[in-house]
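Starting from the known structure of chain A, arrange chain B on it as the hints suggest.
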Amino acid sequence: DVKVTQSSRYLVKRTGEKVFLECVQDMDHENMFWYRQDPGLGLRLIYFSYDVKMKEKGDIPEGYSVSREKKERFSLILESASTNQTSMYLCASSSYLWEGPGELFFGEGSRLTVL
Amino acid sequence: GESVGLHLPTLSVQEGDNSIINCAYSNSASDYFIWYKQESGKGPQFIIDIRSNMDKRQGQRVTVLLNKTVKHLSLQIAATQPGDSAVYFCAETRNYGNQFYFGTGTSLTVIP
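First to last, the protein sequences are chains A and B.
Its first residue numbered 2, the first sequence is counted upward by one per residue in this note's numbering.
Its first residue numbered -11, the second sequence is counted upward by one per residue in this note's numbering.
What the hints contain is simulated information worked out from the structure, not anything from laboratory work.
Remember, it's a predicted structure, so these values are computed and weren't measured experimentally.
All C-beta atoms in this analysis are idealised placements derived from N, C-alpha and C, irrespective of residue type, glycine included.
It is possible that some hints are incorrect.
[Said to hold, decoys possible] Keeping only pairs whose Cα atoms sit at most 30 Å apart, straight-line, the calculated BS3-like set for lysine-lysine is:
(1) A:Lys71 with B:Lys30
(2) B:Lys30 with A:Lys54
(3) A:Lys58 with B:Lys59
(4) B:Lys44 with A:Lys58
(5) B:Lys44 with B:Lys59
(6) A:Lys4 with B:Lys30
[To be verified] Here are some of the chain A residues that sit facing chain B, going by a computed Cβ distance under 7 Å:
(7) Pro40
(8) Gly43
(9) Leu44
(10) Thr87
(11) Leu91
(12) Gly101
(13) Pro102
(14) Glu104
(15) Leu105
(16) Phe107
(17) Glu109
(18) Gly110
Chain A extracted, bound-state conformation (with noise of 0.2 Å):
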């Protein structure tokens, strides 16, 4: 059974804390990617990894840095935490068929209350 695993379900840190959320895939794929949820406003794209030790921002990475030393893992750092980053966090991977880009599969996501 495929599978994306996020470190931690429920996170709760002060402002001004750094954090570390982890996740690893088991499925040797290529695309990884880190996502924020909030009500109203769907998924939005924080950073993404193409490769091993390559990123990419996406929508939203103010406040947010990454790290993919390895091909399974993908981590989301935030530097000194803010109450306006609590959020559900939703760690994504995917791979690139012949066909085109491959089916994009979830974690069970963190979510993180910063007080």
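Then chain B, alone, in the frame of chain A:
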């Protein structure tokens, strides 16, 4: 029951009826489409996908229709069950790229 995606974000149907959830897209370069189901507190689950060289695809109890002329995508769920209650949203890629673009979703409630 039928929704108009972004303009009617909720849809209620009787158990056993068919549901139709709609999604409009605006970019003519959109080439791959996925429907996702998301239950409360969980990550999105893949339901069905379709590429732009097709206009219909069927799965188990679900059918996706793609009308490229009017840039419209729909998800039909046959014999809707209480377990189908969730938020449904569409996603698309453009120009055969890897980046996905998402609709905001429609909340489906099945009335027993």
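Hints, one by one, checked against the model:
1. For the hint pairing A:Lys71 with B:Lys30, the CA-to-CA distance comes to about 26 Å; that is within 30 Å, so the pair holds.
2. Taken as a hint, the B:Lys30 and A:Lys54 pair is honoured in the structure, with Cα atoms around 29 Å apart against an allowance of 30 Å.
3. Taking the CA atoms of A:Lys58 and B:Lys59, the gap is near 28 Å; set against the 30 Å cutoff, the hint holds.
4. Only pairs whose Cα atoms come within 30 Å are accepted, and B:Lys44 paired with A:Lys58 is rejected, the gap being roughly 34 Å.
5. A hinted pair counts as satisfied when its Cα atoms are at most 30 Å apart, and B:Lys44 with B:Lys59 qualifies at roughly 14 Å.
6. Our distance criterion of 30 Å between C-alpha atoms is met by A:Lys4 and B:Lys30, whose separation comes to about 14 Å.
7. With 7 Å as the threshold, the beta carbon of A:Pro40 stays out of range of chain B, its nearest partner Cβ sitting at about 9 Å, so the hint is violated.
8. Restraint check, A:Gly43 versus chain B: the minimum CB separation of about 4 Å is within 7 Å; hint holds.
9. Taking 7 Å as the C-beta contact cut-off toward chain B, the hint placing A:Leu44 at the interface holds, the least distance being around 4 Å.
10. At a threshold of 7 Å, the smallest CB-CB gap from A:Thr87 to chain B is about 15 Å, leaving the interface hint violated.
11. About 6 Å separates the beta-carbon of A:Leu91 from the nearest beta-carbon of chain B, less than 7 Å, and the hint is met.
12. Against a cut-off of 7 Å between C-beta atoms, the interface hint on A:Gly101 holds, since the closest Cβ of chain B lies about 5 Å away.
13. A least Cβ separation of about 5 Å between A:Pro102 and chain B falls short of the 7 Å threshold, and the interface hint therefore holds.
14. For the restraint placing A:Glu104 at the interface with chain B, the shortest Cβ-Cβ distance is roughly 6 Å, inside the 7 Å limit, so the hint holds.
15. A least Cβ separation of about 5 Å between A:Leu105 and chain B falls short of the 7 Å threshold, and the interface hint therefore holds.
16. Evaluation of the A:Phe107 hint against chain B yields a held restraint, the C-beta minimum of about 4 Å falling below 7 Å.
17. Because the smallest distance between the Cβ of A:Glu109 and any Cβ of chain B comes to about 4 Å, under 7 Å, the interface hint for this residue holds.
18. Interface hint at A:Gly110: satisfied, since its Cβ lies 5 Å from the closest Cβ of chain B, which is below the 7 Å cut-off.
Comparing the model with each numbered hint stated earlier shows that hints 4, 7 and 10 do not hold.
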